[in-house]
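Asks: One letter stands for each residue in the lines below.
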Amino acid sequence: MSVWDAVRDWGLKESDYQIIDHQAIKEITLGASILATGGGGDPEIGLLWTYKVLNEGKPIVLVDPMKIPDDILVASMACLGAALVLTEKPPGANVLNGAIAKLEAYLGNKLQATIPIECGGVNSPVAYAAAGELGVPVIDVDGMNRAFPELQMTSWVTHGLNSSPTVSADDRGSITIIDTGQDNLLAETICRRVAMAYGGISWIATYPMHGKEVKETSILYSQNIAWAVGKAVWEARNKHLDPVSEIMNSLKEKRNVKVYSVFKGKIVDIHREFGGETTKGFTLGRITMEGIDEYKGGIAKLDFQNEWLNLTIDGCIRCLPPDLIAILDSETGEPIRTDIMKYGYRGTIILIPAHERMRTEKGIQIFGPRHFGYDLDYRPVEELCADL
Amino acid sequence: MKNIREHDGLRIGFDVGGTFTDGVLVSGTEALAKAKSLTTADVTGGIVDALDQLLTAANVQKEMISMVSLGTTHTTNAIIERRNLNKVGIFRLGAPATTAIPPLTGWPEDLIQAIGGRENVFIIRGGSEYDGRDIVPLDEKAIQEACQQIKGKVDAVAITGVFSPIIPDHEERATHIVREELGEMVHITQSNRIASISLLERENSTILNASVINVMRKAVSSLKQAVADRGIDTRLFIVQNDGSVMLADYAIDYPIFTMASGPAASVRGAVFLSGIENGVVVDIGGTSTDVGYIVKGFPRESSITVTIGGVKTNIRCPDLLSIALGGGTIVKHENSRVYALGPESVGYNLVRLAKSFGGPLLTVHDVGVAVDRLHEKLEVFHTDYVVDRQKIRELPNDLVEQADALIKETLETAIDKMKTTAEEVPAIFVGGGALVVPRDGLNGISQVILPKHFEVAGAIGATIAEIGAYAEGVFDLEKEDREKAIQRTVEQAKDNATLAGAIRSTVEVIDIEEIPFTYMPGKSEKIRVRAKGKIFQETI
Chain A
-18 MSVWDAVRDW GLKESDYQII DHQAIKEITL GASILATGGG GDPEIGLLWT
32 YKVLNEGKPI VLVDPMKIPD DILVASMACL GAALVLTEKP PGANVLNGAI
82 AKLEAYLGNK LQATIPIECG GVNSPVAYAA AGELGVPVID VDGMNRAFPE
132 LQMTSWVTHG LNSSPTVSAD DRGSITIIDT GQDNLLAETI CRRVAMAYGG
182 ISWIATYPMH GKEVKETSIL YSQNIAWAVG KAVWEARNKH LDPVSEIMNS
232 LKEKRNVKVY SVFKGKIVDI HREFGGETTK GFTLGRITME GIDEYKGGIA
282 KLDFQNEWLN LTIDGCIRCL PPDLIAILDS ETGEPIRTDI MKYGYRGTII
332 LIPAHERMRT EKGIQIFGPR HFGYDLDYRP VEELCADL
Chain B
24 MKNIREHDGL RIGFDVGGTF TDGVLVSGTE ALAKAKSLTT ADVTGGIVDA
74 LDQLLTAANV QKEMISMVSL GTTHTTNAII ERRNLNKVGI FRLGAPATTA
124 IPPLTGWPED LIQAIGGREN VFIIRGGSEY DGRDIVPLDE KAIQEACQQI
174 KGKVDAVAIT GVFSPIIPDH EERATHIVRE ELGEMVHITQ SNRIASISLL
224 ERENSTILNA SVINVMRKAV SSLKQAVADR GIDTRLFIVQ NDGSVMLADY
274 AIDYPIFTMA SGPAASVRGA VFLSGIENGV VVDIGGTSTD VGYIVKGFPR
324 ESSITVTIGG VKTNIRCPDL LSIALGGGTI VKHENSRVYA LGPESVGYNL
374 VRLAKSFGGP LLTVHDVGVA VDRLHEKLEV FHTDYVVDRQ KIRELPNDLV
424 EQADALIKET LETAIDKMKT TAEEVPAIFV GGGALVVPRD GLNGISQVIL
474 PKHFEVAGAI GATIAEIGAY AEGVFDLEKE DREKAIQRTV EQAKDNATLA
524 GAIRSTVEVI DIEEIPFTYM PGKSEKIRVR AKGKIFQETI
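Chains A and B are the protein sequences, given in the same order. Heads up: the first sequence begins at -18 in the working numbering, then just goes up one per residue. Heads up: the second sequence begins at 24 in the working numbering, then just goes up one per residue.
Isolated chain A (complex conformation) (with noise of 0.2 Å):
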């Protein structure tokens, strides 16, 4: 399969699609890990991994979701799983060939593209290794437009899709698939034990849907503005520009919304909660920084459970979830990440509003406040920041 076939039986034209070079994947992988406010892990091995597909002369193309057919099957790929078992154990080439097999003849129909399931460390680059790989095309969506740390906090399951059936694969060759219906955190529940099972890492071919539902329930057009964010940093390193504003100027351009800029400090307190991962599975934990410069003088708290969850400046709460938090390293606009922050990091913190098919009242149920344990109701950044 040439992802060349695709272009053509969908009649794409040139302007319905866009060509993924070197240059192109750092820098949508580089935008993506802002978006994914702390969490997503390093994302060196995708990009190595999508470095030598396009190595191999493999194409990887990013197409227009609004120009897809209504009647293709598309699925997503990613990995999941410990960070730290797949910074020692890279996929195999061909680990998702497998999976992808598995899951057309369950669903008895060809897999036509993929869509990206989040804007996460390294599941970003995977989508595209796996597609160029695969042969097929990425469609320009996603399902987060951010990084969660749970398979069912998506906007495809605010909007009544399911990740069932999900087929979960190792590089032996091993298959699972798991089909729990409509009960999405069942499902994210197996899947977590089927990667322990497998050794700490899955390779998952999830949320199988037709392509008027990819248009109907995606954050449509979110590798687009990974790659705008992550452009604007880029060419602010080169131009000696702030990174911070050009990120800003950026979401503005691509989203039309106001980012906030609500602080600059740097980290004097890291509580790492160390029983988080038998009761929940994650890393939990706090952080606190002292302002510095205009800033000096206030205190930013901020909770963390893989991803940044909320931000306290001096007692007021600016930021709940899914809106996104993001800590920008002040001179190169490299994210910090959750997983390797240290005391003395010193950055600034933006704050963007969730896209609107995050906002949604089932999406506050699954990934609002009240899901991460907080006795509070959601309240959008722009009313907790009207002030500022």
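It is worth saying that the hints were derived from the structure and are not from the lab. All residues carry an ideal CB built from backbone N, CA and C; glycine is no exception. Hints are supplied without guarantee of correctness; some may be wrong.
Stated by the list, open to error - Calculated pairs, DSSO-like style, for lysine-lysine (alpha carbon to alpha carbon, straight line, at most 30 Å):
hint: 1; chain 1: B; residue 1: Lys319; chain 2: A; residue 2: Lys323
hint: 2; chain 1: A; residue 1: Lys277; chain 2: B; residue 2: Lys431
hint: 3; chain 1: A; residue 1: Lys247; chain 2: B; residue 2: Lys335
hint: 4; chain 1: B; residue 1: Lys110; chain 2: B; residue 2: Lys241
hint: 5; chain 1: A; residue 1: Lys212; chain 2: B; residue 2: Lys335
hint: 6; chain 1: B; residue 1: Lys442; chain 2: A; residue 2: Lys282
hint: 7; chain 1: B; residue 1: Lys431; chain 2: B; residue 2: Lys414
hint: 8; chain 1: B; residue 1: Lys335; chain 2: A; residue 2: Lys33
hint: 9; chain 1: B; residue 1: Lys440; chain 2: A; residue 2: Lys220
hint: 10; chain 1: B; residue 1: Lys176; chain 2: A; residue 2: Lys33
hint: 11; chain 1: A; residue 1: Lys282; chain 2: B; residue 2: Lys546
hint: 12; chain 1: A; residue 1: Lys282; chain 2: B; residue 2: Lys549
hint: 13; chain 1: B; residue 1: Lys440; chain 2: A; residue 2: Lys282
hint: 14; chain 1: B; residue 1: Lys440; chain 2: A; residue 2: Lys247
hint: 15; chain 1: A; residue 1: Lys247; chain 2: A; residue 2: Lys212
hint: 16; chain 1: B; residue 1: Lys59; chain 2: B; residue 2: Lys241
hint: 17; chain 1: A; residue 1: Lys39; chain 2: B; residue 2: Lys335
hint: 18; chain 1: B; residue 1: Lys431; chain 2: A; residue 2: Lys247
hint: 19; chain 1: B; residue 1: Lys517; chain 2: A; residue 2: Lys323
hint: 20; chain 1: A; residue 1: Lys323; chain 2: B; residue 2: Lys549
hint: 21; chain 1: A; residue 1: Lys220; chain 2: B; residue 2: Lys335
hint: 22; chain 1: B; residue 1: Lys335; chain 2: A; residue 2: Lys7
hint: 23; chain 1: B; residue 1: Lys442; chain 2: B; residue 2: Lys335
hint: 24; chain 1: B; residue 1: Lys110; chain 2: B; residue 2: Lys174
hint: 25; chain 1: A; residue 1: Lys7; chain 2: B; residue 2: Lys440
hint: 26; chain 1: B; residue 1: Lys442; chain 2: A; residue 2: Lys277
What the hints assert, rightly or not - To give an idea of the interface, some chain A residues facing chain B are shown, with a C-beta separation under 8 Å as derived from the structure:
hint: 27; residue: Ile26
hint: 28; residue: Lys33
hint: 29; residue: Glu37
hint: 30; residue: Thr68
hint: 31; residue: Lys70
hint: 32; residue: Val249
hint: 33; residue: Tyr324
hint: 34; residue: Gly325
Let chain A serve as the given structure and place chain B on it in line with the hints.
Replies: Structure of chain B alone, referenced to chain A:
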């Protein structure tokens, strides 16, 4: 190996820098002689020159010399210059996993060619899961076949297995097979002896290690010869990246552990000379300043990847922040407005180009002279610290003040970035440029210590006879008691220190680190223990 001596006598230490090689001869805390020579292209020449200076300056009984030790850049230079590298056979034990990113991905092409190219690369079926299972059984036949292909074409072999730092069995089996097929002359490096979890970086480190075995072997044998020729009968040690030392014969197998030998020796020297065991070390040279952090007497390790010759590695290196601030750093200004410090430096052209010597450029050294901080002769250059006083007097006050404030702020920011707590900590200033920069009223610093012999702290650091070692493992705390898991790792670290030359009874734990696995239910975590021990029964 000789018997371990009961008492230490005289020690000789060298620190090979980019421009100069420093040498010291110490007895206890006393430096009997100091020497400085120009660093030579082959490195060894500069060391031998400094050694002769020391022996001439101090009339000592050669049988009293109990160790010769050096911080060296032999291997770093060889990799950076792609010079005299071994041809390396590369085996990864990990298929069917890991094939998406083959070995040598991201390496500079000239370095790949210098170690023999891609045709000596094999991904073999094998490797382990983190819990000890095989990914698949090791494909021994494939290893034999690969050996037939590379026979006669390689000098060394690098073997890297998935999860080998926890379960080294496949690497050890593969080593055995390669040894049988290729014989004793081919050197084999196993990744589990080199670095920890993170396959690609560990594999890179292992390949680089294999590529400089002969460079290190040659350096060690020529230095041993030079020492023996001068009638000195003693053991040769090399400083490793954590600032401790290892026997030179042990270093031949692990040259990669000497990549950051120089800066690590400076940190250890600073600790030794000042007696401070926790705080900041600021090593100020001619072109740059390295800021390091000491924890219990050893440099804190970097938690990020270290790039050597364009290749990402995960070898244990000191966490150092290098900033463009040294005695020769150029202060950029427009009339009396300062707009930048460096990054350019006049280097050893200081005495030609800096204002203090009648030159055209304003340097950090000149600022030190203008604010009346410098009073010492520049031994290195055989000159006074200022020759052209008139040029310094002509500098506008405003310019000098701004420049000095910027130097101070640059130092303070670098120090603050390296601190791990908000509390004030002591700072030890060492290096040839230590006198040039401000030392009073630095933010975040409780006191600045300028120890005796600060200018040769690196060479002194090389003479400190302490062995460092570490051990790590991944444990499932639902199956294994946490205390017992830690105890097991501690014992392993102590065993490793003993192997590297320490006296077992002197080995103590430096720190214990626990890192939980994220995105996984369960209680798996990585435990990592660092230990140190002494070479001599009694040390000062």
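Asks: So which of the earlier hints does this model not fit?
Replies: Violated: hint 29 alone.
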